[in-house]
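Trainee: Residue numbers (the numbering used here), protein chains in the order written: chain A, 4 to 253; chain B, 4 to 253.
Honestly, the hints are just simulated from the structure, not real lab data. Be a bit skeptical, because a hint or two may be false.
[Stated by the list, open to error] Each computed DSBU-like pair below joins lysine-lysine, with the alpha-carbon atoms no more than 30 Å apart:
(1) LYS152/B / LYS53/B
(2) LYS107/B / LYS152/B
(3) LYS145/B / LYS242/A
(4) LYS235/A / LYS152/B
(5) LYS145/A / LYS172/A
(6) LYS242/B / LYS107/A
(7) LYS152/A / LYS145/B
(8) LYS242/B / LYS242/A
(9) LYS235/B / LYS107/A
(10) LYS172/A / LYS152/A
(11) LYS53/B / LYS152/A
(12) LYS152/A / LYS235/B
There are 2 protein chains.
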Amino acid sequence: MSGHVYIIGLGPGEQNLQTIEVEALLPTLTDIIGYGPYVNRVQVPAHILKHISDNREELDRARHALLLAQQGQRVGVVSSGDAGVFAMASAVFEAIEHGDPSFKDIEVTVLPGISAMFAAASRLGAPLGHDFCAISLSDNLKPWEIILKRLRLAAQADFVIALYNAVSKARPWQLDTALDLLREELPLDIPVAFCQAISRDNEHIELTNLKEASASMGNMQTLVLIGSRYSKLIQTNQKIWFYTPRSIQS
Amino acid sequence: MSGHVYIIGLGPGEQNLQTIEVEALLPTLTDIIGYGPYVNRVQVPAHILKHISDNREELDRARHALLLAQQGQRVGVVSSGDAGVFAMASAVFEAIEHGDPSFKDIEVTVLPGISAMFAAASRLGAPLGHDFCAISLSDNLKPWEIILKRLRLAAQADFVIALYNAVSKARPWQLDTALDLLREELPLDIPVAFCQAISRDNEHIELTNLKEASASMGNMQTLVLIGSRYSKLIQTNQKIWFYTPRSIQS
Numbered sequence: 004m005s006g007h008v009y010i011i012g013l014g015p016g017e018q019n020l021q022t023i024e025v026e027a028l029l030p031t032l033t034d035i036i037g038y039g040p041y042v043n044r045v046q047v048p049a050h051i052l053k054h055i056s057d058n059r060e061e062l063d064r065a066r067h068a069l070l071l072a073q074q075g076q077r078v079g080v081v082s083s084g085d086a087g088v089f090a091m092a093s094a095v096f097e098a099i100e101h102g103d104p105s106f107k108d109i110e111v112t113v114l115p116g117i118s119a120m121f122a123a124a125s126r127l128g129a130p131l132g133h134d135f136c137a138i139s140l141s142d143n144l145k146p147w148e149i150i151l152k153r154l155r156l157a158a159q160a161d162f163v164i165a166l167y168n169a170v171s172k173a174r175p176w177q178l179d180t181a182l183d184l185l186r187e188e189l190p191l192d193i194p195v196a197f198c199q200a201i202s203r204d205n206e207h208i209e210l211t212n213l214k215e216a217s218a219s220m221g222n223m224q225t226l227v228l229i230g231s232r233y234s235k236l237i238q239t240n241q242k243i244w245f246y247t248p249r250s251i252q253s
Numbered sequence: 004m005s006g007h008v009y010i011i012g013l014g015p016g017e018q019n020l021q022t023i024e025v026e027a028l029l030p031t032l033t034d035i036i037g038y039g040p041y042v043n044r045v046q047v048p049a050h051i052l053k054h055i056s057d058n059r060e061e062l063d064r065a066r067h068a069l070l071l072a073q074q075g076q077r078v079g080v081v082s083s084g085d086a087g088v089f090a091m092a093s094a095v096f097e098a099i100e101h102g103d104p105s106f107k108d109i110e111v112t113v114l115p116g117i118s119a120m121f122a123a124a125s126r127l128g129a130p131l132g133h134d135f136c137a138i139s140l141s142d143n144l145k146p147w148e149i150i151l152k153r154l155r156l157a158a159q160a161d162f163v164i165a166l167y168n169a170v171s172k173a174r175p176w177q178l179d180t181a182l183d184l185l186r187e188e189l190p191l192d193i194p195v196a197f198c199q200a201i202s203r204d205n206e207h208i209e210l211t212n213l214k215e216a217s218a219s220m221g222n223m224q225t226l227v228l229i230g231s232r233y234s235k236l237i238q239t240n241q242k243i244w245f246y247t248p249r250s251i252q253s
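Go ahead and model the full structure; you've got the sequences and the hints to work with.
Mentor: The structure is reproduced here in structure tokens:
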């Protein structure tokens, strides 16, 4: 008897930002696996087993899920945001590719979620209204030189840039180095937003510009959104909105 | 009395892929505005007025929504996918910025949705598992030279590339020109997916590679996902999965 691995995007935090599909699936699982804070966010009946692992052990966690599915379990591998964006979906497919050949018999379904960048964008206005990119700033999984090269090309392309894993205690210098590089390529007055824990209790947004932006404005829960030279701030009675127009005049 | 404009991402099609938040909000509105196929997708009580407009009239539609809100209405402006990605959110903020000063008195809320690229990615596996970008191929709103420049820089940065508005009857040559440019920069065997109408009745995915990819494989409902040189295909008993590993070895 073969089980099933569901790779699940929980959205950014608030249960309201889950999809109806995810909400309906969760209570039908036998096991839920993930990083502690994400697993703990899921409210399901007590008979569903929760397996909590450390944040760095993604590949082990993926293998664990596949082994449980081999025993016939319906396993949910949960990520915050969308599971396909710097999260567990790739880890599961890596584990299938390089693991026991029998892993290829296991059924897999991926359920999308609201990623951190779209949740942050909805709070800010419409910063991602034109061409954009997402870059993980962590050099745990790729060389720092590649990150710098990509940042420079992204700035030259005038993409709005969403930085994931932007601030870490283990590498506090990285974001400031990245911002210095962007200051070489882009106007200093473009908007930059530090978006912490969107839709969670400690949600906090700090709006600044490229000149003033500093790693001290963020922490491990912060997504950094850097506008393009076309992005704008507009003040209404409600708040300051950050948006990128749809059009570029030639 | 002042109303409220809600900018709503409906997700890619299937109601299951809406957020709980959007599902709860829709029946509380007085008016729903949008492009016909999106408005018609929304199932709400008959007393809620539906205003349908042509796909090209985004700014007019945004103004219409703001005028209704000024009269005290609770207006939902609906887009497919996420409203912030090549959709109505930017149009609303443009209309606020350049319109009647009293538009700045209107309350606005943006509700994120599952964008087409994440819905497509979930069907394919995890193509967006590493750094990626989204580019609209339409030159209605920006010069074609900027599109080509961005494509080349994105390829040099080795982003996975999601192409929105990739195929249009009005500009059938554009996607083939874009693919020719990418063939100059990238290995010809990288995976390319043509993802049509994900989660709708006519959902269809065609998986090919950069060498074989051709505009004839898509239509106006197609999102094109182009892998990076690190992306892979793996065959399981279930299907062929397209994923991009989390790590790049130095």
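Trainee: Are the hints correct? Go through all of them and say.
Mentor: Here is how each hint holds up against the structure:
no.: 1; hint: LYS152/B / LYS53/B; verdict: violated, 40 Å
no.: 2; hint: LYS107/B / LYS152/B; verdict: violated, 36 Å
no.: 3; hint: LYS145/B / LYS242/A; verdict: holds, 29 Å
no.: 4; hint: LYS235/A / LYS152/B; verdict: holds, 22 Å
no.: 5; hint: LYS145/A / LYS172/A; verdict: holds, 18 Å
no.: 6; hint: LYS242/B / LYS107/A; verdict: holds, 10 Å
no.: 7; hint: LYS152/A / LYS145/B; verdict: holds, 26 Å
no.: 8; hint: LYS242/B / LYS242/A; verdict: violated, 48 Å
no.: 9; hint: LYS235/B / LYS107/A; verdict: holds, 15 Å
no.: 10; hint: LYS172/A / LYS152/A; verdict: holds, 23 Å
no.: 11; hint: LYS53/B / LYS152/A; verdict: violated, 48 Å
no.: 12; hint: LYS152/A / LYS235/B; verdict: holds, 22 Å
Of the numbered hints stated above, those contradicted by the structure are hints 1, 2, 8, 11, listed in ascending order.
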